[in-house]
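Asks: Read off the chains here:
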Amino acid sequence: MTALSTGVAAAGAAAAAVSPATLYALCGAALIGIGLYGFIVQRPLLRRLVAFNVIGSGIFLLFGATGWRQPHLGADPVPQALIITGIVVALSATALMAALIVRLAALDGRDTLPEDGADSASGTAGGDRPAVQGRADGASRPDRGTHRAGPATRWSR
Amino acid sequence: MSGLVFDALLCTLIGGTAVAAVAGRDAFRSIVFYIVYGLLAAIAWVRLGAVDVALAEAAIGAGLTGVLLVAASARVARLLQRPADARRAADSSAVAAGVEAGAGDGGTGVGVGVGVATQAGASDRSRRAVAAPMRQPDEPARPGRTAPSAGSGSRAARALTALACAGVAGLVALAVLALDPAGAGLSEAVNTRLDIAGAANPVTAVLLNFRAFDTLLETMVLLVALVGVWSLADDRHWGGLPGLRQHARHDGVLASFGRFLPPVGLLVGVYLVWVGASQPGGAFQGGTVLAAVALLVVMAALRPPPPVSSLRLRLALVAGPVVFLAIGALGLLGGHFLGLPVAFASMLIAVIEAALALSIAVTLALLVAGPPQQERQP
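The listed protein sequences correspond, in order, to chains C and D. When you line the first sequence up against our numbering, it's residues 1 to 157, in that order. When you line the second sequence up against our numbering, it's residues 1 to 378, in that order.
So that you can see chain C by itself, here it is in the shape it has in the complex:
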């Protein structure tokens, strides 16, 4: 929430400077901080994926706003084109990461990285660390109902 207060303070500072472009650039800076916080603090990988997208979108907003410092020329088209490219690349990365996260959950029954799961045993019920016997038990994996291969071949690829 410190990040939010930073954003509000930044908005206040920008109101003094009176330029919409600066205002949005500062908003972008605050978004980078907010996203970074989520990326560090959150354990579930999907939450980190959302935070990653917030960081990226903050960078885009900052970049685009700095391209609008002379409004009489209109928004600078070069940053705009690069941002559109960036949005599409961000979607590609998000799609690949989401597919990897789903695959990890299907194979390993977890939605966090192993090194993060190691110290989260104190989490609430239904925590993010799979039971040890679950890892050896291929039949209990939801996505593997019709899988002919046994547990031994789970890691064969």
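You may find that some hints are simply not true.
Claimed, not checked - Some chain D residues judged to face chain C by a derived CB distance under 8 Å, without partners named:
1. G15
2. A44
3. D52
4. G228
5. G370
Stated by the list, open to error - To be clear about the criterion: a stretch of chain C counts as covered by chain D if any three or more of its residues have a C-beta under 8 Å from a C-beta of chain D, and this derived list gives those stretches:
6. 21 to 27
7. 40 to 49
8. 61 to 67
9. 78 to 92
10. 96 to 102
11. 105 to 116
Treat the hints as calculated values from the structure; they're not laboratory data. Backbone N, C-alpha and C define an ideal beta-carbon position, used for all residues, glycine too.
Let chain C serve as the given structure and place chain D on it in line with the hints.
Replies: Chain D in isolation, oriented as in the chain C frame:
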């Protein structure tokens, strides 16, 4: 002045939804806030005079990313709930592995099945699972719930992290404020050369002419990402249909929209591609709308997706990059790679945009649909 008040309010809303998307406890809620955040960011882009970016942000940043994340969150929640419930059952009966395998078949997918089933496509298996009442009564059925967020990590550590992140944001803000307020930028350089670019929309001129190499590589990135997603398929599903099988009630809301919206979406998508040469729009925005149309038809279970081994699908995937590369190679005759001859520039840009829009639409739709997960029908 009232404009500035609006801008300040909008920035506050964007910051607030970003905090909710990042710091909330619940993955599903966080994704919903992220979608709202994306739409607000699109309004910010309109305020910044960047309508092309606003269209891309609304369609890709909020729309497709939202669908992708909701679907992934529902699947992960379903995959995780099963072992978690099984573990709880195993704890109470003190028989570890055997009960886990049995209980794993019940009690799953209740939350997901109710909440996001039509969106994310609950499989046959989870439908069967709904019938088996193995869920603990004290476990609230919440859609899209995954592991509790933020795990352990003491309050002090989190406060320190927040402070450090605020510091990073502050440094970036200082760097922004230190910029020359009358910075020149490249607007003039682009605007004075628009007449030789072949597109009256400066953004399209930059994307497909002045910085065409970026755009060419970007289409390659899309293809590589799709190859990466497909490589996560099970062997037995390879060559099959992308995504899970979709179910929707024939007279339900989703199916009705699935029949009503595609004609409108096709018109808007093709219009956006066509108008991109002179007005805000272009291959990326139009292609995204077309991808959304395809996804809607598949999610409403009106048509199955094409198998990933389909030759026509593969051709549609590479059409854009191939046409782009071929025209770029023709530019070599005139002097340099990707250099468009001024006399034909606008025609060539129209050809590239049409081919790109097709490839982008197919690639984005397949990226969101995910790796093949249905065996190929004989």
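Asks: Does each hint fit the structure? Answer for all of them.
Replies: Tested hints:
no. : hint       : result
1   : G15        : holds (4 Å)
2   : A44        : holds (6 Å)
3   : D52        : holds (6 Å)
4   : G228       : holds (5 Å)
5   : G370       : holds (6 Å)
6   : 21 to 27   : holds (count 7)
7   : 40 to 49   : holds (count 8)
8   : 61 to 67   : holds (count 6)
9   : 78 to 92   : holds (count 14)
10  : 96 to 102  : holds (count 6)
11  : 105 to 116 : holds (count 7)
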